[in-house]
Every structure is written in structure tokens, then in C-alpha cells.
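Participant: Keeping their order, the protein sequence lines are chains A and B.
Each residue of the first sequence is one higher than the one before, starting from 1 at the first, in my numbering.
Each residue of the second sequence is one higher than the one before, starting from 1001 at the first, in my numbering.
Check before you lean on any hint, since a few could be wrong.
Derived EDC-like pairs: lysine to aspartate or glutamate, alpha-carbon spacing no greater than 16 Å straight-line [said to hold, decoys possible]: (1) 1119/B / 68/A; (2) 138/A / 182/A; (3) 1118/B / 98/A; (4) 1068/B / 182/A.
Simulated from the structure, these hints should not be mistaken for laboratory data.
The structure displayed is predicted, hence computed values, not measured ones.
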Amino acid sequence: MNVTIVDYQSGNISSVINSFTEVAKSKVKLEVTSDVNKIKSSDKIVLPGQGSFKSCVDSLNSINGLVDSLKDFAITNKKPLLGICVGLQMFADIGYEEAETKGLGWIAGKVSKIDNQNGKFKLPHIGWNEIDIKKKSKIFKDIENKSHMYFVHSYEFIPQNKSVILATTDYSSKIVCAVEKDNLFGTQFHPEKSDKIGLKIIDNFLKL
Amino acid sequence: MLKNRIIPCLDVKNGRVVKGINFVELKDAGDPVEQAKIYSDSGADEICFLDITASNENRETIIDIVRKTAKECFVPLTVGGGVRTIQNITDLLLAGADKVSINTAAVKNVNFVKEASKKFGSQCIVVAIDAKRVSEQKWDVFTHGGRNKTGIDAVEFAKQVETNGAGEILLTSMDRDGTKSGYDVELLKVITDSTNIPVIASGGAGTLDHLYDGIVKGGASAVLAASIFHYGEFKIKEAKEYLNSKNVSVRL
Chain A
1 MNVTIVDYQS
11 GNISSVINSF
21 TEVAKSKVKL
31 EVTSDVNKIK
41 SSDKIVLPGQ
51 GSFKSCVDSL
61 NSINGLVDSL
71 KDFAITNKKP
81 LLGICVGLQM
91 FADIGYEEAE
101 TKGLGWIAGK
111 VSKIDNQNGK
121 FKLPHIGWNE
131 IDIKKKSKIF
141 KDIENKSHMY
151 FVHSYEFIPQ
161 NKSVILATTD
171 YSSKIVCAVE
181 KDNLFGTQFH
191 PEKSDKIGLK
201 IIDNFLKL
Chain B
1001 MLKNRIIPCL
1011 DVKNGRVVKG
1021 INFVELKDAG
1031 DPVEQAKIYS
1041 DSGADEICFL
1051 DITASNENRE
1061 TIIDIVRKTA
1071 KECFVPLTVG
1081 GGVRTIQNIT
1091 DLLLAGADKV
1101 SINTAAVKNV
1111 NFVKEASKKF
1121 GSQCIVVAID
1131 AKRVSEQKWD
1141 VFTHGGRNKT
1151 GIDAVEFAKQ
1161 VETNGAGEIL
1171 LTSMDRDGTK
1181 SGYDVELLKV
1191 ITDSTNIPVI
1201 ASGGAGTLDH
1211 LYDGIVKGGA
1221 SAVLAASIFH
1231 YGEFKIKEAK
1241 EYLNSKNVSV
1251 RL
């Protein structure tokens, strides 16, 4: 199996590479690239994302043909894709970080700043928080409800259709922290930084 | 509910872990990669490396340690000490650090914080503030491991780094560091009340009650400690169980 971690020169993806390498061992061929041809021939794709929504979208768009090939992969050919953090957020139609920015539009919804209730809650939402699993999913196989995952973000994805929500986490409000729509998976938390339980999610994705 | 974090800090000099008392009389106590792995296996919420000699020496040693650690530890890794340029940050992140902590360079030029957070995202920019009490309710920022007084008010500076995009503040009391007499809770309180980003308490933890005070009385989102964990006085698990028994929410 060929798995591609999309390297579109935005943010720090070393931890994603390290954790996937750890889980994949020799069973999976891991590529870290933005090469459109390699993406086409992949079986699975991981779309990480750090920094702002706008900077991530801009970086994706700056690589010729990348967005189209991701769309072919995930939407036309319906092959499994996992978005992590801003990688998940970019599934949305629109994001409001830095400036109003169009997202990939794969899952209807928007990305807005977490309501910190007039400073009552510190932002970014950094640290370990429990996930409240709403729906069964293959990526949550053997993951207990209320497991702790590592978060670091100030913006949240608000999907239009609530049926895509796999899990929420409780901060200043119930924040959507995992979604699934057909072959698209996304986590707001960082499985690659969430210790053994996070690595299990990565393992589940690789075993899909 | 978001959990309060416990972060063991490993002070690294020449590739070896040390922890000094007020930054002098350093003792050698082990291999940083191995130590980090032990901490991460025993429930540390994050790991912090502080390269205490980075200001003067070759940076390759710490980068190599970060690279090795990041392949074995799958919890967040923060690295600080001698971070002065965008290139320094790039090198550490590429080696596998998740956050970098900036100290002197932020004091010298707060725009550096802005530039770094714009380039890499606030989530990986921690500003380390070393503060020392100068009068009853006033603390100043110090640099170079507490040797240089800047005359900058710590509260004002904390607000300023927040405005410039810092994702977190690592606040060390230079009066308490290495003394094991507890965090400077008043300093913590004034900084956590004046800012809206998470603050990590540092400097002075000697007992489990000190960790409690840092979180509950000081308002810290995370507590950092070195010697109490490092010399085996307390295990991370014991610290968490103790805090949990006192109704402080932690990841067990």
C-alpha cells in the first residue's frame, strides 16, 4: 500500500512523518511529497496542516495542479484521505482566520474562531482533552470513549450537516473534533502527538 | 474538559541532562533521549528540552537529540535555549520539535515573535519569560539565565508577546528557580490574569503541593518541573494522582 503525506510547504509536518513511520513500519510505503503523479497513484492520503487556514489554503493553491489532484483522489475516486488539524479545517467551504478564505468545499461548513466567552477560556485551546464519540467509525476502532487527545488550535470547524460529526470535545462549547464523510476523515486533534492512543488512530486509518 | 498539563523539563548541556541550582553547580544525570522516553511512557503530557549552553556552543548537538527523541516520543516536544533566528526555528521543527521556546531574542526584538508566529503559526511559538521580583508587586524581565536585567516590566512584556502572536508563555521565576520553595504564585496570578493565552508555570517546584498551587492559585494551564521528577522524588503518575485527588483535572 502506498500512503502519501502531502508536503505543501506549510508548517511543521515532522511529527506526522515520524508517527506514520512508526506505525507503518515496513507494511506501508510512505511518501512525503506534493508530486501530483505520486498523489494520483497513492492508495491513501494524509493532509496535515499547521499555521493559519489562509496560509495553508494559499500554500496548497500555490502548487500547480495539487488541489485538482487531491479532489480527483478524494471526491471523484473516493479514496481514503485523512485531514489533520488545519488539514481537516480545509475541507470546509470557507474559513475566517486572517481573512475570509475559500476552503476546498468538500464538507459543507465553515471554520470560525472558538468563542472564548470574553476571555473566560484561553486560546489557543492547547493540551489534552477528552473526545466524546458520537458515532461509530473505523478510525475509532478500539478507541474508548473519553480518550484523551492532544489539541492545539484557536479555530473550529462547524459543519452544516451534523451527521458528519464523529466526535466532539468540551472546551468553551462542544467543539467538533472528528468528522467522517464517505471516504473523508478528519481530526482536529493531533493523533501524531496523542501518544499510543493517537498512534492507534493512525493504525486504524492505515488499515482501512 | 481540558486537562492541566504536567511537563517535565530536561536541561541539556553538551548532549547530557543536567539540572542546576540557580543555574550553577550542574549535576550530570543522564541521556536526554532515554529520559524523554521514560517520561513520555510514564504519562508526561509534554516534554521540554532546554539547551542551557546553546548561547555559546554548536547547535548540532541539541538538533541531533531532538531528532532521536522525536522518533521515539509521540507527545509534544518543546525545545528552547539559544533560539535566535528563523533558521534556528526551522532546524528544530524539521528535526521534530513541535514547539520552540524563544527567550532572549524575544526580549531584544519582539517583532521576532511576530515574524516567527506568522511563518510557523502561533501553535509552535512559546515565549519564555524569566522574571525576577524587583519590588512588592513588580517583576522585571531578565535574560541570559537570569544574569542580565532588562528593566522591562514582566506583565507588560507578557501582554506584548501575546499581541505579537505567541501561542503560550513559559513563565519562570528567577527568584524561585532551583530553590524548590514553590512557584512564585503572585507572579503567575498577575500574568495569567493579564493575558488570554495559556501560561506554563516554571521555577521552584519542590513538592506536589507546589504543582497544585501553580495551577489553582496561580492560574497556570500547565506546570513545568525538573528536579522533582528528575531525581525520582516523585513519579509523574504520583503527581497526577495527587492533583486528581484534589480535584484538579489531569490526564490519567
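Participant: Taking the hints in turn, state whether each one holds.
Facilitator: Against the structure, the hints come out as follows:
1. Restraint check for residue 1119/B and residue 68/A: the C-alpha separation of about 26 Å exceeds 16 Å, so the hint is violated.
2. A hinted pair counts as satisfied when its Cα atoms are at most 16 Å apart, and residue 138/A with residue 182/A qualifies at roughly 12 Å.
3. For the hint pairing residue 1118/B with residue 98/A, the CA-to-CA distance comes to about 10 Å; that is within 16 Å, so the pair holds.
4. Using a Cα cut-off of 16 Å, the hinted pair residue 1068/B and residue 182/A is violated, with the two alpha carbons roughly 37 Å apart.
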